[in-house]
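Chains as they are written, first to last, in my numbering: chain A, 2 to 115; chain B, 734 to 846.
Errors might be hidden in some of the hints.
Just the calculated beta-carbon pair ranges, DEER-fashion [as the list claims (entries may be wrong)]: (1) ALA3(A) with GLN735(B): 41 to 47 Å; (2) GLY17(A) with ALA812(B): 27 to 33 Å; (3) ASN786(B) with GLU21(A): 39 to 45 Å.
With the Cβ distance kept under 8 Å, some of the chain A side facing chain B (calculated, not the full set) [as the list claims (entries may be wrong)]: (4) GLY52; (5) THR53; (6) ASP64; (7) PHE66.
Pulled from the structure, derived: some chain A residues nowhere near chain B, Cβ distances all over 10 Å [stated by the list, open to error]: (8) VAL13; (9) ARG23; (10) ILE27; (11) HIS30; (12) GLN42; (13) GLY43.
What the hints contain is simulated information worked out from the structure, not anything from laboratory work. Each residue gets a CB set at the ideal place from its N, CA and C atoms; glycine is no exception.
Single-letter residue listing:
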Amino acid sequence: GAGVSQTPSNKVTEKGKYVELRCDPISGHTALYWYRQSLGQGPEFLIYFQGTGAADDSGLPNDRFFAVRPEGSVSTLKIQRTERGDSAVYLCASSPGLVSDTQYFGPGTRLTVL
Amino acid sequence: SQKIEQNSEALNIQEGKTATLTCNYTNYSPAYLQWYRQDPGRGPVFLLLIRENEKEKRKERLKVTFDTTLKQSLFHITASQPADSATYLCALERGGGADGLTFGKGTHLIIQP
């Protein structure tokens, strides 16, 4: 079966622009996570969805970041007024739903803000 | 705040030897700990999960230990192969009932033929 997919694989944008990053989780997985990974660092938690609702968005750095998962499957991470410091790889992961479940990661979207 | 430390420098191991990677944590009492492998340009791939009441877990050539007194996990790869070269990430539950993981920076392992 298909794993977690993310589009686009690369996104280059200019400072101040709006971007959307998409995640298609594994079918049937109720839990979905977004992480951000900077060069030489481990992934950093951003937000967690259980079904359609954002169960924990405490990792979002500020109100320029927002994520949705309207039908409990595909999720979109939205970044407004992008800044150079937002440049990183944005990773999406899904899991069947239990707290200690294995997380299955997508390949990530590399965002570059010029 | 919670802190996870992994060997920040690359670890060079001769093929066939055992590679041992260390994960130390502070200000934390996780119920479980996970190890992931990450190759360049790819997302992390789950390897092993060990719970606080388990001392050791094995999977093929991999072995993980979890010492909650020392607040340390050791990750071993026996009979290492060049294909094992990658970055290995230690991850703990975020704690306080929160879902999601907190990751260490990872250790870059190089297995030399």
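Hints that the structure is at odds with (numbers, increasing): 1, 2, 4, 5, 6, 7, 12, 13
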